[in-house]
Every structure is written in C-alpha cells, then in structure tokens.
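Model the placement of chain H on the given structure of chain P, informed by the hints.
Number of protein chains: 2
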Amino acid sequence: MALRARALYDFNSENPGEISVKEHEIITLYSEQDIEGWLEGSNSRGERGLLPASYVEILRTDTFSSFNNNSRYANIPTGGFDLKNQTHESYSTAPASSITAYPALPQQQQHHHPGTPASDDDWDDDWDDHSSVADEPRVVGGGYRNYEGNGPSGYSISTSSMPRGAQQAKSSATVSRNLNRFSTFVKSGGEAFVLGEASGFVKDGDKICVVMGQYGPEWQENPYPFTCTIDDPTKQTKFKGMKSYISYKLTPTHTQNQVNRRYKHFDWLYARLVEKFPVISVPHIPEKQATGRFEEDFISKRRRGLIWWMNHMTSHPVLARCDVFQHFLTCSSTDEKSWKQGKRKAEKDEMVGANFFLTISTPAAPLDLQDVESRIDGFKAFTKKMDDSVIQVNATLNEFARKQIAGFKKEYQKVGLSFKYLNQAFEMDQQSYSVGLNQAIAYTGEAYEAIGDFFVEQPKQDVDPLMDLLALYQGHLTNYPDIIHVQKGALTKVKESQKHVEEGKMEGQQADGIRERCNIISFATLAEIQHFHQTRVRDFKSQMQHYLQQQISFFQKITGKLEEALQKYDDA
Amino acid sequence: MALRARALYDFNSENPGEISVKEHEIITLYSEQDIEGWLEGSNSRGERGLLPASYVEILRTDTFSSFNNNSRYANIPTGGFDLKNQTHESYSTAPASSITAYPALPQQQQHHHPGTPASDDDWDDDWDDHSSVADEPRVVGGGYRNYEGNGPSGYSISTSSMPRGAQQAKSSATVSRNLNRFSTFVKSGGEAFVLGEASGFVKDGDKICVVMGQYGPEWQENPYPFTCTIDDPTKQTKFKGMKSYISYKLTPTHTQNQVNRRYKHFDWLYARLVEKFPVISVPHIPEKQATGRFEEDFISKRRRGLIWWMNHMTSHPVLARCDVFQHFLTCSSTDEKSWKQGKRKAEKDEMVGANFFLTISTPAAPLDLQDVESRIDGFKAFTKKMDDSVIQVNATLNEFARKQIAGFKKEYQKVGLSFKYLNQAFEMDQQSYSVGLNQAIAYTGEAYEAIGDFFVEQPKQDVDPLMDLLALYQGHLTNYPDIIHVQKGALTKVKESQKHVEEGKMEGQQADGIRERCNIISFATLAEIQHFHQTRVRDFKSQMQHYLQQQISFFQKITGKLEEALQKYDDA
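Chains P and H supply the protein sequences, listed in that same order.
For the record, in the first sequence the residue sitting at position 39 is 39 according to full-length UniProt numbering, with numbers rising by one throughout.
For the record, in the second sequence the residue sitting at position 33 is 33 according to full-length UniProt numbering, with numbers rising by one throughout.
Next comes chain P alone, as it looks inside the complex (with noise of 0.2 Å):
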C-alpha cells in the first residue's frame, strides 16, 4: 500500500504530529487518500506524521496530478472555469494578497474536486463509503467518454461535474456543438437542454418556479422560510488524537433539532450545489487553510463565513428548499445509515445540470430575447464594475483596520505616555493643590492608552464584518461569469437556429424547441440576478448600518473615556 510521494515545495512542520520536508525530499505515503488535505507518511529521515496533500506528488507512471490545482477562491469546482478557452471574463483580477486580511500560501489552498464524488478525498474514515459509490459506473468518469473527444483523459476527474441527465438523451439536434467541450456552457448542461437532449421524470416535488414579479421575474418564494444558527466550534480528535478538527452546532429554525456538522460537510454539500444548479450562484464556502487552523481567529472567521454563507442558503428560495440541503441541515449527526443514504442520494440526483432546467416552470409568456441580452449585458458589466469597488473597499478596509491596530493605537498611546510622563513631573510638586491635577493628569494618561486600545479592538467589531461580506459577494461575483455564459451560450443558439430556418437547414418546430428553452434559461437566469440585487441591497444596507452604528459606539466609547477624564479636573 505504501506509496511514494515527492515534496513540491519546503514544509516546516508547525503543529505536533507534522513532519517537516524539503523540496524534492522523497517520502512514503501509507495512502493516498487524504484527510482533509493532510496525508500521513514519513519523510527522509523516517520521521512519521502528517504534511499537506498540496505539498507533495505523488509519483506514479500515468500520473496526471491534479493536487497541484489551486484556486483563489474556495470550492470553485476545477470544471467550473473553461480550462482551454477563457471565452468569459474572470472578474477578479488582483492578487490574492490584495483583497484578503489574511492571505493563505496559494499552495495550501485548495487541492479537491468538489465535483468529483469519486475522488472522495476529502472523506475519513468515519463514513468513508468510496468504495460503494466508485460502484456506480457514472461516476468514474467512463460514461462520459463521449464528451472527452477533444481533451485529454487527464481531465477525466474534472469532467465527471458534467450533466449526467445529458447522456441520457438522445441527440436530435442539427445545430452545431460547441467545438468547446469545456466551455460552462457545455458543462454545466446548459447547451445539452437547450439542444433538447435533457429528459428526465420531474416529480411536483422538484418543480421551481419562476414567477412575474414588480421588477421582473423571480425566484416564487420560499413559504416555509427558515434560518439556523451555527454554533459552539468546537474541537473534535480522532487519530488517537493525531488529528483535529471542528465541529459546529446547527440548529435550524423549522427542526429546532440541532445538527453536527464538520466543514468537509459544508463542503460536500457545496460541491453537490454547484453540479446541480447551473444558473444559481451558490455561495462559496470560507477557504480551506492548510495551518492555524485551530486558532481562534481563524475559527471565528470561518463561523463567521459560515454564517453568511447559511444566511445566504436559506435566504435563496431555490436552494433553501432543496434535498440535499435539507438532508444536510436535518438529518441525524449520530445516524450514520440516515446520513449515507442521504448522501448517496443526492450523488445519484438525476435532476442535476442540463435536467436542473426541466424542473423550472415559468410565467406563459415568453421573455424578449433582444430585452433580456441587454438587461445581461447591463448585469454583466455591474457585476464588473462591483468586482473593482469589492476589491477596492476591501483592501481599504484591510489597510484601515491594520492601521487602526497599529499606527493609530501608537499615536494615542504615545500621548497617553506622555501625559503620564508629565504627571510624574508634576508629582514632584506634592503640595495640596497640585495633588488634585497630578491624579487628574494620571488619568487622562490612562484615558488616552484605554483609547489606544480601543483602536485595536474596533476593527473586530466593524471592518471584519463588513469585509465578511465583501468576501462572500467577492463569491458570487467569480459565479456569474459562468452563469451569463450559460445564458449567453443558449441565446447564441436560438440566433444560430433562427438562422438555420432562414436557411431552410432546420425545421422551425426545432428552432421554435430551442427558443422556448432559452425562454426558461432566460427566465431562471432574470430571477437569479434578480434574487442577486434584492440580496445584495439587503445585505449591504443591514452592513453598512451595523458599520457605522459600530464607528458611533466607538467613537462615543472614545468621548466618554474623555468625559471621565475630563470629571477628575472638577476637582483639581
């Protein structure tokens, strides 16, 4: 079983149970799998523990490595960008370091394949059930070997995220493929519905609705809106104690039942969200990190991005309501059987990708096609512009709360010094008349250090949130992209077929199929933007109050230091 690996990069073990190596250093693994990005092996010199799967390559003759595949941004599944043809726009464009407080190595990111059950990587042993699931034939990849004509088989794994209800339809289309079998478009199974090549049987259960509201079409509310809180990280070994990891409290409000759930939970689930929702921007989950991640500022700010990403889940009235959510959010965390059943489940959901489209219903009349290319394009270009100002609020925000915690705490101190510098001068002077100013002195001393400190704290308390949500929307903002590509990909079609009939090359009965589904690709794409805007102005309206509600408080925490100092003067 015993496999050799090579480090990619120096590791200096930080934690017990971690062994350090040095680039090149050859080392033995005793699995490939790895638990939650770390696989145990000795190094060189024989020492035994654990070092980040990110690290190393494992050496092999068909090796084609896909450990080394990093991502800004957590849980982008690796299908999920065009790997040959960047035809769409990534937004975010500047360097990692630039928008995020506390930048990770790019080589201890992210090293998995959501999309990819069979991989099962980040599954230990607890319920690690790979072994029935690699049964499935759909899921190793070979069933889909009709759709890898022009990539390489290396791509295998991040191909198998896309749509199996596609394969399952015959292809009766005389409009021409993408030559891009890697395009999202192709991918998340948008171009085989709008081809007509999606069938599947969807029960009443499954039906999402797209309805006409004031602004537009919308997502039909959700009627049995729920939230849940997620609390008590807490500390869990196993490993005989080699290894950690944190557990969070779920208590949803329409169970009450409190629910365990670790983050390869959260992200297992977020990878079943992704495959089977092609226009719907889910939200990313926090980011992986490799070391620290037992700190309590790390775990803080991963119940917080949990949060907002919960927050988000439950607010969207598509993937509040779905199954695998609901199994996420409700099943027993003591029930194994339950929860592998679920899990199970939701990996062998039919009504995913290209078939997610024939689960929508929308209003009888049809969208104008010309209207809805310009209210994308204007989308478009707001998500760009948004993208910029994220990035520039964020970074500004970084820098004014290192500021706050630094420079700002040493200016106020400093004059806190001082003052207590005089005080001790004036201290000299002990006749009763100087008592009463040198305590007043004092204090005001104490006064402006408390201030210096305030400064220090304050940043917790309004920028971490505000840039909370920023990384949540800077999320959404990377998922659109692909979502508008969909879009785009379906109107290029109906263009191309109503073409085609000028042409007498198709039937109009065909291009009249492909338009009414660009209708509903069109319907669910309007409602998920504009699911996005109410959001968005929710989100950022009850953020920027609570913002500066924060800064008032501080400020007035500031003011009534003062006033108390001021008081002793009284009777100076």
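Worth flagging that the hints you see were computed from the coordinates, not collected in a lab.
Certain hints may be false.
Which copy is meant is left open, because identical chains are indistinguishable; a pair holds if it fits in one copy or across any two.
What the hints assert, rightly or not - Straight-line distance between alpha carbons at most 30 Å, and here's what the computed BS3-like set of lysine-lysine pairs gives:
| # | residue 1 | residue 2 |
| --- | --- | --- |
| 1 | LYS568 | LYS337 |
| 2 | LYS410 | LYS385 |
| 3 | LYS384 | LYS568 |
| 4 | LYS568 | LYS203 |
| 5 | LYS207 | LYS348 |
These figures come from a predicted structure and were not determined experimentally.
Using the frame of chain P, we list chain H on its own:
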C-alpha cells in the same frame, strides 16, 4: 556712511524687497542699524533691498561681531548664561527641531541684545533716540571696566546688563568675590547685594512685599488685579512700503484704553524686566522669525504667544505692578513724547539688579536656611524633570498633530473614497429598491471624507493651545537655573562668612548682614517658586480641561457626522 559686510550664509530672497546673497559675498550696507533684524544694502549684482542682519558680518578693523549669536529661546539676554563657565545646568538640551512645531533656522533667530539699550538695534527711526541714550556714560560699557578684569573686552555689550546699582556702592566686603565675573550670581547683582554693596532710595511705591502664606513665602497679592486683551494684529508698512510690521491692539481692563504695540515694544519691555528682576521668572515673548512673518499661521501663533505672555505678566503680583509694564500698557500710542519719557525713565531705573533686592520687604521671622536649601534643591529637581517631560509632551503632541493632519486624514478619506467607488458601481443598478441604498452609501463616503478634514482642522483646536502653554513653560524653565543660581550663590556666601567668623577673619555683625540679605533673596526666590507652582497648576488645569473639551467636541462631531450617514439608511 556705506559699510561693507560679508555674507555668512546663503540667503535666498523669499519676499519682494529682499535680496539674495551667497556665502562669502561682499555686500554694501546703507546703514549698520538693522530694522527688526533686517539690513538694507546691495549685493554684488547691484540688487538693492533687505537681507537678514544675522546672515552678514560687518567688515571693520576692530570687529567683535555680535551678530552671529544664536539662542534657541527668544529674549534670553546674552549675559543670561554663564559664558565662560557652565556651572549650572541648562536644562533644555533637546535639539530645537524636536520640540517646536515650526522650527526656525538657527541663523534666522535672535541677534539682538535685549539687555543692551545702547545697541538699540531694534529701534527704527520713528522714535530712534539712541543718540541721547548713548550720552549716558553708564550705557556704553566704559563705566563697568572694573568688572571686566578677566573677560575679553568684546563682552562689553553683554556685561552692560550688569547691575547699575552695584557700581554706586562701595565695596566693603571681606568675603571673597567670585572669580567668575560672568556668573549669573554676579551679573544679576545677587553678589553685590549679599555683600552689602547695593544702596539706593526705595520709594514706598517701589516696595515689594513677601508674605507668609498657607504654603510658605509668597508675593503679596496685587490689590488691583487686571487683565489685558490682545486683538486685531494688523499689518502696517513703512519705508515707502518696503518694510512691514504687525501692530497689536492692547486693552488693559484697569484703563479700558486701547494702545497699539509692536513686537519690538514687547521685546524692549522684556529686556527691561529681565534686567530689573533677578529672581523673577519673566515670561519669554514668542520667538522672532525672519521669514514668513506675515503669514496668517505665524501671526496667529505669535498673537497666541503674546496672549499667554500677557496673561503671565498680569497675573504676577510683582511684574503686573511695575512701572515699565504700566507705561507699556497705558501710554498712548500716539503721544510720542510721553512714550519717550517713560522709555528713558525705565532705561535709567536704578532699582534694578542688586538694588531690586533693596525693595523687598519680608516677614520678620527669618527662614531656616537649611530648609530653604532643601526646598530649592527639590525645586531644581522638579524643574529638571518637568523640562524633560515638557519636551517629551511637546514632541509627542507635535507628532500627533502631524499624524492627524497627514496619516489619519488620509485613512479616513481613503475609506470615504472607497465607499464612493462602491456607490458608483451600485449606481449602475437603478431599480427602485436600490436607489435609497445608493444615496446612503454616497453620503457615507462624503461623511468619511469630511471626517478626514475634521482631523486636519482639529490640532488647531486642541494640540496647538496646549503646545503654546508648553512653550511658555519651557521659557520659564530656562529661567530657573539662573534664579536658583542666585539663591545658591547667596547661600554660599553665608556659609563662607560663617567659616570666616569661626576663623576670626570676619566680624559677626558683618556675617549677620550677609545672612539677613541672603534671607531676603531666599524669601523672594521661594515666593517666586510658589507663584510658579500656583500658576502652573492653574494653567495646566485649565489647558488640560480645554484640550479634553476640544477632543470631546471633536469626537462628538465625528459621531454626529456618522449618525447623519446612518440615518440615510433608514429610508434605503
């Protein structure tokens, strides 16, 4: 009449009417009389105009140039420090740049000799009476040759600040004279007085009483207390507009008559007071400044300095009542004749230096000189420590102001700008539910920009006044080494005389006289120290209160601005 001079430094003309010169350049002067520190002449390129007197050395055969005599503090008479022998500490050793907000080039400072009416450098022709003053034999220095046995003749100017009363007394002492003829003890007249060499007719009106107060010896309170406002600094011109000066309106409360005074009048008065009162800490007038004298900031700063100075003058029981100050406050600015009479009277005042001590009347019970010595030592340590801390507070506040004006402003404005940038992105969505948020975010951006401006304006309100106070006290603290030196000199004479009596070299009666006169000096010194402490407690109390009140208003202003911004979200 034309004289030649050599430039000591490069000087670049900054204002109309000035001429530039290079180091070593030969200049033709039209007069060696400077006008408020400026000489009129022409440079080697034939340009005619003004240049700073301190930048040139007048070329003549008998030169002992006193022009290049610099001091960090304005108005410290050249003779105010021991030139040959630094027997007492000069407390303020920090470089000027670290303790003044607007450090002047040392070359541009002080080049006149307030203790020297004969030089009359600072008097211009509108009442230039130097020829008549020069008629007085005591002024030109010749009368003091007996004091100059061990000093170079070049010091004649500075030694003219020696007690005029002293020369009128016959030396009858057997206690040895100090070898150092330039020690403050000698120059102030302290030695002459202790040795019984001072004599003069003390009018009742000149009597100065030290009384025993709650906390020890103190000056008898001024029975007619008054204050004096300084308003409306206005620019006046002369020399056909080539030279300008600032005139201040002074209104004392006891006369309610406004008089106009220029800086040079303050300067002249200051010199008289320093000469007259050996153990009184005469507040320093604000520093001279060669360039930028008509800039608003400078005028405002000088006026604030003069107000503080006036406040210390009027609240000092001895200084407030003295004739020369009353003349300065009450003589009509338009009645040149009265002014000149008063001016001459002050310059001829005999009750200065040694004779000043003759005017002091003390309580009957003599002081315990051992106790006095310990109190003086305690005060010496106090002033040393206070001086250190004042330098430190000054440097800190200066830096604090600088940071607020630059760094803090920048951070808040950057936050404001980034919110505005976010608003620009959000403006691209004009749906009705977005408009309120957009406006609110735009306003928030403006609010943060305004807060940035608040930080720029704030130091004027709080830091500057506190620094003005510190500057005044720095002046007092440089006075005290001399005052302490006089008292210690007297005490040493007592000890010497006791020894002489024990050795049979001196009559007991003579020693008693020395002890009695030392008692007078000690009463006066302790009264002055008491006054210093009481004034210090009063001033620092009120200024710390003012500082804190301003800081509170500042943070309340910020809070108010943020509350305005927060309200905008109510309708969003």
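Now for the hints, and whether the structure bears them out:
Taking identical chains as interchangeable, the C-alpha atoms of LYS568 and LYS337 are never at most 30 Å apart, the minima being 68 Å within one chain and 53 Å between chains. In the homo-oligomer, the alpha carbons of LYS410 and LYS385 lie at most 30 Å apart only across protomers (24 Å), although the nearest pairing inside one protomer, at 36 Å, exceeds that limit. Within a single copy, LYS384 and LYS568 get their C-alpha atoms only as close as 55 Å, which misses the 30 Å cut-off; across copies the closest is 26 Å, which meets it. Taking the shortest Cα distances, LYS568 and LYS203 never come within 30 Å of each other, neither inside one copy (74 Å) nor across copies (47 Å).
When the C-alpha separation of LYS207 and LYS348 is checked against a cutoff of 30 Å, the pair qualifies only within one copy, where the shortest distance is 18 Å, while the shortest distance between copies is 110 Å.
Checked against the numbered hints listed earlier, the structure breaks hints 1 and 4; every other hint is satisfied.
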